[in-house]
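> Sequence:
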Amino acid sequence: STTTASGFRDNDWLEERRQLTVHFIFCLILIDVLKQLSFHPGFDISNIEDQAFKWFRCNEKFNDMTSTQPNQLNYQTICDLYAEVVGVLAQSRFLSVKRRFMLELNNLRKEPASPSVNGNIINLNTGMRFFRVKMTPVEHFEACFQFLLDLANYFLEVRERDIKNSLANLFVEILLPVAA
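Residue numbers for the sequence shown follow this note's numbering, beginning at 1 and rising by one.
Calculated directly from the structure, the hints in this document are not laboratory data. All figures in this text were calculated on a predicted structure; none of them were measured in a lab. Wrong hints could be hidden among the right ones.
Pairs of lysine-lysine, BS3-like flavour, derived with a Cα cap of 27 angstroms [what the hints assert, rightly or not]:
1) LYS134 / LYS54
2) LYS54 / LYS164
3) LYS134 / LYS35
4) LYS35 / LYS110
5) LYS98 / LYS110
6) LYS98 / LYS164
7) LYS98 / LYS54
8) LYS164 / LYS134
9) LYS54 / LYS110
10) LYS110 / LYS164
11) LYS134 / LYS98
12) LYS134 / LYS110
Please build the complete structure, drawing on both the sequences and the hints.
As structure tokens, this is what we get:
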């Protein structure tokens, strides 16, 4: 097997691509199945949450958005699909998804500031872009806006411009359907 300029062997690249293909198919199936279920069993949901949030913590070689890695675009596509999975889960398991998001965010905030940590926070924020505010019942509406308030407070605290931009984009993604 040959080695590319970036140090990847062709076989490594192909194996990674196969794994990404499996995740791609898995996400598409999850999205369709979860939309059809009226009840999501807790144990299975926690496993799905673990899988999704793991993808929001970038692999080091993909952390840089200017990466020239062969599977960079495929990796980002999988992250986007897992974001959609989280959005579907949040429709019926909002408190669980919110708790997990806030736990991940707080853990990342405790880490020393670095481009890698900032990239992970941005990916985590992007992972919530399919979240939708539930208008009924009132308790769900209030919980959604408490979540938005928590994000707004974080927006005021954070100093990094890229993180602020990702939060602003998240607010647009969440609030635009409410305004419509």
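> Determine for every hint whether it applies to the structure shown.
Okay, the hints, checked on the actual structure:
no.: 1; hint: LYS134 / LYS54; result: holds (26 angstroms)
no.: 2; hint: LYS54 / LYS164; result: holds (22 angstroms)
no.: 3; hint: LYS134 / LYS35; result: holds (15 angstroms)
no.: 4; hint: LYS35 / LYS110; result: violated (35 angstroms)
no.: 5; hint: LYS98 / LYS110; result: holds (18 angstroms)
no.: 6; hint: LYS98 / LYS164; result: holds (19 angstroms)
no.: 7; hint: LYS98 / LYS54; result: holds (15 angstroms)
no.: 8; hint: LYS164 / LYS134; result: holds (25 angstroms)
no.: 9; hint: LYS54 / LYS110; result: holds (17 angstroms)
no.: 10; hint: LYS110 / LYS164; result: holds (17 angstroms)
no.: 11; hint: LYS134 / LYS98; result: holds (13 angstroms)
no.: 12; hint: LYS134 / LYS110; result: violated (31 angstroms)
Of the numbered hints given earlier, the model fails hints 4, 12; all others are met.
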